[in-house]
Amino acid sequence: MRDRLPSLKLSLTMTGLLLVTLLLFCADILFGGTPIEAADVVRALFGAGSPESEIIVMEFRLPRALTAVIAGAALSVSGLLMQTLFRNPLAGPDVLGISSGAGLGVALTVLTLSPLFAFSADSPLQGWSMILAAWAGAGMVMVIIMAVSSRMRDIMTVLIVGLMLASAISAVVSLMQYFSNEAMLRTYVIWTMGNLGNISWQQLRALTIAALAGMMLAFVMVKSLNAMLMGDTFSRTVGVPMRSTRLILLAAASILAGSVTAFCGPLAFIGVAVPHVARLFFRTTDHRTLMPGTAICGAAILLASDLISTVPGGGHIIPVNTVTSLIGIPVVLWIILGKNAMGGRR
Amino acid sequence: MREKGAALAETADLTIGYSSRRRCVRVMEHLSVSAGAGELVALIGRNGAGKSTLLRTLVSLQPPIEGTIRLNGRDLQTIGSTLLPRIVSFTSTEPVAERNITVREAVSLGRFPYTNWIGTMTAADRRAVDLALEDTGMLAFAGRRLDSISDGERQRTLIARSLAQDTDLLVMDEPTAFLDLPSRYSIVSLLRKLTREKGKCVVYSTHDLDTALNEADRIWLMHGDGITEGAPEDLILSGTIAHAFESPLLSFSSKEGTFSFVRGKRSGIALEGDPPALSLTEKALGRCGYTVDQKASVKIMVKREKEGWQWTLTEGSEIRCYYTLYDLMVHLSEE
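Residue numbers (this note's numbering), protein chains in the order written: chain A, 34 to 379; chain B, 10 to 344.
Derived from the structure by calculation, the hints contain no laboratory data.
Keep in mind the model is a prediction, meaning the values are calculated, not measured.
Treat each hint with caution, since some may be false.
[Unchecked claim] Label-pair distances were calculated between CB atoms; the ranges are: (1) 49(A) / 216(B): 49 to 55 Å; (2) 187(B) / 225(A): 46 to 52 Å; (3) 219(B) / 367(A): 43 to 49 Å.
[Claimed, not checked] Below, a sample of chain A positions facing chain B; criterion: calculated Cβ distance under 7 Å: (4) 256; (5) 259; (6) 260; (7) 263; (8) 264; (9) 266; (10) 270; (11) 271; (12) 272; (13) 318.
Ideal Cβ positions, reconstructed from N, Cα and C, are used throughout, including at glycine.
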């Protein structure tokens with residue numbers, strides 16, 4: 034596939050993107066709600082800063098930036114998997130209701146289960162129970178979507194079913210909110226705004242493990258993903274076991290999107306938009322390049338979104354969801370309009 | 010390359026159809042056909058006869074209901090899913106999912122059965138892809154995206170992908186659908202070239218009867234009672250083709266091996282003149298329901314004059330001149 038094209042260009046693009054991501058990562062640590070001198074930040078990183086800056090850097094900024102990297106990469110790769118799986122450039126965790134499904138799982142744990150078991154915010158149990166609930170919710174929606182798409186040839190039907198599912202889930206969640214107390218409600222509503230900073234080291238560890246597992250599962254499937262670009266019939270005739278391949282890809286996409294959504298809330302449009310940005314950079318359809326490329330682009334874009342959400346306020350922090358929407362929506366519009374315009378011209 | 014004529018694909022008393030737990034739909038029963046190395050086999054039959062079902066059964070996309078299929082001398086059921094893609098390749102009518110893929114990337118996917126878990130192309134794989142591109146005349150298009158080339162070129166790309174898969178048997182479902190006449194001929198002559206020069210066995214389904222009857226070595230003809238195979242001329246002589254496509258609107262000429270519309274007969278017209286206008290005039294008269302009868306009282310004379318062709322119509326004492334066939338036909342139709 035790519036082997037023929039100059040691999041130098043490929044490695045240059047990859048290195049360039051990695052450098053940009055690294056710069057954004059540093060910037061994300063240097064800038065934040067509370068202004069701290071750059072030198073202080075560096076000193077804090079090595080444990081030699083003032084106690085105040087050390088807490089801000091080590092307990093807030095560093096986990097926050099790491100979360101942005103992992104969440105951005107995981108959500109974007111999840112979107113890439115779904116776009117190939119559903120043969121639809123508009124597929125993504127939020128569009129097909131996967132994020133809503135994860136949200137339902139989280140709502141169940143936050144609004145109903147947590148008072149029963151009295152989880153403390155930092156307990157590792159809560160970390161994993163939220164992640165498991167989010168996976169279950171995301172996976173449930175995925176299975177429904179997959180069942181529908183195996184019956185319905187028309188992909189638009191599948192998208193509509195996804196939107197309907199998302200609405201149905203939000204209705205259920207509203208109902209749960211109605212019966213929950215103020216404190217739990219507040220926790221849940223803040224969660225829905227999307228937040229990269231509300232994550233403890235322990236939760237970050239759970240997120241990292243889950244994201245790595247999902248990525249590995251996805252990367253094992255690159256060859257089959259490439260075959261799927263030619264269509265299902267072709268994939269079957271060259272020996273791709275479609276049923277198990279679909280299941281593994283669904284699991285990987287659910288794990289990736291579900292874990293991120295559990296801890297960071299529904300981060301809008303990252304999953305749909307970033308794979309297209311990566312395709313633009315790498316000019317290929319080969320998943321061997323596209324998957325790492327998408328992961329890096331996702332990390333960079335979420336880091337940038339986080340920077341934008343913290344810097345201008347001077348003390349205030351805009352919900353990161355707002356920023357990702359403002360970045361993602363133009364990309365999605367560009368896909369829709371661009372594809373149609375192309376179809377018309379050619 | 011193997012010995013020409015050795016059976017690469019063979020079915021014995023095959024029943025094709027769809028079966029689920031609840032019911033079983035038999036599309037066609039008792040199918041016994043074969044296809045040999047170096048042969049171009051055209052599968053023809055009317056819409057809904059079961060052509061696609063037979064091809065899909067042949068490449069194991071759906072199980073046969075009864076009977077056996079042997080590919081390369083081995084029972085299809087005993088060929089594992091890793092070996093099968095090295096014996097037979099399939100091109101369906103399914104559109105390519107990702108239209109942004111380049112021609113080379115698409116053809117490279119034909120190497121799928123041979124590459125490692127991540128799909129790394131070895132030097133041998135790349136050679137196979139280059140060769141496939143060259144054989145199909147797509148080398149110059151290698152960097153182009155699939156949505157920027159014509160339908161004919163896209164079909165060539167899919168054929169190249171099948172070639173890159175390096176199978177002895179190539180099965181294609183309607184490779185010439187949606188193509189214009191020159192593209193149809195160029196695709197079929199490419200398929201023919203592959204059978205002659207590479208010793209491939211190509212089985213393709215088509216609705217393009219003319220091309221199939223002219224170019225194929227063997228015809229698999231699906232009709233109401235099953236399937237009949239043979240050289241095109243065998244099927245014409247036995248009347249099977251005329252029978253299979255029988256319709257009150259069509260008549261089959263065994264001499265030319267072509268179909269034409271049946272028209273209500275009108276009176277005869279005597280016709281003489283210079284070729285090629287003579288035969289074209291006869292064709293136009295046929296469309297209006299006239300037959301050529303040199304003894305008829307009405308007479309048409311076609312001649313090449315300085316300013317172009319001229320038709321002189323003599324009806325008793327009345328003589329009219331026409332400068333286009335269209336005007337002549339309008340006059341004749343009014344009568």
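Now for the hints, and whether the structure bears them out:
no., hint, in the structure
1, 49(A) / 216(B): 49 to 55 Å, "holds, 52 Å"
2, 187(B) / 225(A): 46 to 52 Å, "holds, 49 Å"
3, 219(B) / 367(A): 43 to 49 Å, "holds, 47 Å"
4, 256, "holds, 4 Å"
5, 259, "holds, 6 Å"
6, 260, "holds, 6 Å"
7, 263, "holds, 6 Å"
8, 264, "holds, 4 Å"
9, 266, "holds, 4 Å"
10, 270, "holds, 4 Å"
11, 271, "holds, 4 Å"
12, 272, "holds, 5 Å"
13, 318, "holds, 5 Å"
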